[in-house]
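**Q** Letter by letter, the chains look like this.
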Amino acid sequence: MKGAVTRFAARDDGPMARVIGFMAHLRANGFRLGVAETDLALAALAATQPDEATLRSALKVVCCGSAEDWARFDAVFDSFWRNGGRVRTKAVPAPNPQHSRNTLSAAGQETAGSGGRPHTPDTGAGAESESGGKGRLVASTLQNLAKRDLREIVSADDIRAAERVALQIGAALRDRRSRRAKAARRGPKLDLRRTIRASLASGGEPLRLARKRRPDRPVRIVALVDGSGSMTLYARPFLAFLAGLMRADPAADAYLFHTRLVRVTEALRDEDPLRALNRITLLADGFGGGSRIGAALMQFATTHARRSVNGRSVVMILSDGYDSAPSDDLARAMARLARRGCRIIWLNPMKGWRDYAPIAAGMAAALPFLDLFAPAAKLEDLAALETELHHL
Amino acid sequence: MTQWTKLQADLAAQDYVAAPDLAMALHLSLALGRPLLLEGAAGVGKTEVARALAAVKDCELIRLQCYEGLDAAQAIYEWNYQRQLLAIRAHAEAGETGPTVEARLFSEEYLLERPLLRAIRQPAPPVLLIDEIDRADEEFEAYLLEVLSDFQITIPEMGTLAAVSRPMVILTSNGTRDLSDALRRRCLYPHVDYPDPATELAILQARRPGLPDKLAAQIVGFVQSLRKEELEKKPGIAEMLDFAAALGGLGIADLTDDPAVLHAALATLLKTQADRANVTTEVAQRLAGRAA
Numbered sequence: 001m002k003g004a005v006t007r008f009a010a011r012d013d014g015p016m017a018r019v020i021g022f023m024a025h026l027r028a029n030g031f032r033l034g035v036a037e038t039d040l041a042l043a044a045l046a047a048t049q050p051d052e053a054t055l056r057s058a059l060k061v062v063c064c065g066s067a068e069d070w071a072r073f074d075a076v077f078d079s080f081w082r083n084g085g086r087v088r089t090k091a092v093p094a095p096n097p098q099h100s101r102n103t104l105s106a107a108g109q110e111t112a113g114s115g116g117r118p119h120t121p122d123t124g125a126g127a128e129s130e131s132g133g134k135g136r137l138v139a140s141t142l143q144n145l146a147k148r149d150l151r152e153i154v155s156a157d158d159i160r161a162a163e164r165v166a167l168q169i170g171a172a173l174r175d176r177r178s179r180r181a182k183a184a185r186r187g188p189k190l191d192l193r194r195t196i197r198a199s200l201a202s203g204g205e206p207l208r209l210a211r212k213r214r215p216d217r218p219v220r221i222v223a224l225v226d227g228s229g230s231m232t233l234y235a236r237p238f239l240a241f242l243a244g245l246m247r248a249d250p251a252a253d254a255y256l257f258h259t260r261l262v263r264v265t266e267a268l269r270d271e272d273p274l275r276a277l278n279r280i281t282l283l284a285d286g287f288g289g290g291s292r293i294g295a296a297l298m299q300f301a302t303t304h305a306r307r308s309v310n311g312r313s314v315v316m317i318l319s320d321g322y323d324s325a326p327s328d329d330l331a332r333a334m335a336r337l338a339r340r341g342c343r344i345i346w347l348n349p350m351k352g353w354r355d356y357a358p359i360a361a362g363m364a365a366a367l368p369f370l371d372l373f374a375p376a377a378k379l380e381d382l383a384a385l386e387t388e389l390h391h392l
Numbered sequence: 393m394t395q396w397t398k399l400q401a402d403l404a405a406q407d408y409v410a411a412p413d414l415a416m417a418l419h420l421s422l423a424l425g426r427p428l429l430l431e432g433a434a435g436v437g438k439t440e441v442a443r444a445l446a447a448v449k450d451c452e453l454i455r456l457q458c459y460e461g462l463d464a465a466q467a468i469y470e471w472n473y474q475r476q477l478l479a480i481r482a483h484a485e486a487g488e489t490g491p492t493v494e495a496r497l498f499s500e501e502y503l504l505e506r507p508l509l510r511a512i513r514q515p516a517p518p519v520l521l522i523d524e525i526d527r528a529d530e531e532f533e534a535y536l537l538e539v540l541s542d543f544q545i546t547i548p549e550m551g552t553l554a555a556v557s558r559p560m561v562i563l564t565s566n567g568t569r570d571l572s573d574a575l576r577r578r579c580l581y582p583h584v585d586y587p588d589p590a591t592e593l594a595i596l597q598a599r600r601p602g603l604p605d606k607l608a609a610q611i612v613g614f615v616q617s618l619r620k621e622e623l624e625k626k627p628g629i630a631e632m633l634d635f636a637a638a639l640g641g642l643g644i645a646d647l648t649d650d651p652a653v654l655h656a657a658l659a660t661l662l663k664t665q666a667d668r669a670n671v672t673t674e675v676a677q678r679l680a681g682r683a684a
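Residue numbers (the working numbering), protein chains in the order written: chain A, 1 to 392; chain B, 393 to 684.
Isolated chain A, as found in the complex (with noise of 0.2 Å):
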């Protein structure tokens, strides 16, 4: 779209066209905007005067839409207007999936991108020698390629008495009472409103009161497992869990991550339990394999949870921290989290091992985010959390 516009001068069509290419060039770079700041940006320009640090500073006022694009702005405005553009564009990262509107096409980046990178285990030397021999767990980022069955791991009685676990703890979040009064027949303060309003017809007697009283507003749970390798040990309660908490509670949403984030709520509420685990072993592709939880909660945090996720939500993640992926990664996708206002558990199987200490890097990242750090290893575990999610 540069070409287009600048490199031909004898058919330039003019500072409009130009201002025009400059706002696809932004698009292209990841930035969202629409016709409308098209529109703006014209009139900015219009109103100001046309020397070169006037257009940025108007150009950047328009365009940027949050700290991000703030910080990246100067670099693609250089980019496009100061000729240095080709060499520099390429520089600048892919579309970032943070912008991306479609989470389809948003899914696969993080992946696709990082294909001949090395990793590097987060659990160090450190972390390694203290486990000693015992039960030693290393993050691989292997994707596992045989096709796993999930419905040898998980059986149909498995997913009833989870449902039923499921349901309890659904009810322990449930009650959020909101801030707001709404009309109630019964409840504990006047709504002088409605009671002048009634009152008109009595002559100004207040005979009959209105009440209104602060509702209990449902907390929507957000479930995230991890299918990694060293998760396997678990997969059963867990991703019995997942189908039963889907059954108990229509408006729960539920995520498989591993090396890619899927999201697999519409697969697990088919009415038949089996059928269920037989479609998300169709979308969970590499179950079982290597762990890249950074990436996968950061993934979620700017797809997802940008839609899904706001102050009254619990976000539930199942996963034992192991990452194969530096622990920068997640304390960013983390904190990234945390901004959306929802409330954070985090369960991990491991933590309920005698002398354990979280010393995954990852996990040790993850901790300041936390609302709620408990140990969930089998069912009766995450039956037992009931008392302490009612203290939320």
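Check each hint, because a few of them may be wrong.
[To be verified] If you want a taste of the chain A side facing chain B, the calculated C-beta under 8 Å gives, among others:
| # | residue |
| --- | --- |
| 1 | Thr48 |
| 2 | Gln49 |
| 3 | Ala67 |
| 4 | Ala335 |
Please keep in mind that the hints were generated in silico from the structure rather than gathered at the bench. No residue lacks a Cβ here, since even glycine has one placed at the ideal position from N, Cα and C.
The hints should help you fit chain B onto chain A, whose structure is shown.
**A** Showing chain B alone in chain A's frame:
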């Protein structure tokens, strides 16, 4: 002098030193009639912008402080129930009934204007400051969008009240929660950072004119390097001004003179126990030495 540099100069006359990007944003917001969404850390002077702008334009500043659970009754309008009750009684004694009473009860006379309604009913366009919008919940954000795009408010009992004048709207956010894309798209967006040393020195000299130049430069250097430390809460501009006032009040001429006094004056800059513990007398002395 172009329009936006003139605005920058006008703001400077009100003791507000605006960075070029911010001045440009304010100018465009006025020229295009768009709301301005200011985002940045606490204490970079977001709220102060509105105050300075109102002073420049010589108009009223109407402020709406957001909080969780903010609803229409506090943000837009509410009926004056006590007066309504009394009026019903009075009219009943006068023998008036039915529709006439009702029409009178739900008239502007009994309407309590809250900030949003007040802002659009002013004869001269005011500055409307919607502070800390990220604290309000999402329902309110959605409602605000409606008001900001149409500048009219519908009251079921009275009908629709259109804007008499369009206020200049400034929203601020500390970024504790992601705002909706819809709101961001309606607004012009300047990101406000902590000022660079030159700007901060200009702010200090504008606000505390009596301060010796050497001490002012030291204070700015000290606060700037303090912001680079690992702190829970970085000191903002207001804190820096308090710090300067404290040192001025204590009669200090040089920051490195008296470690004990410097440490005591840190109370104006560091507001959490952990930060106080982190910045010991020695650390403070080292930073002050570097700033000198």
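**Q** Check each numbered hint against the structure and report the violated ones by number, ascending.
**A** 4
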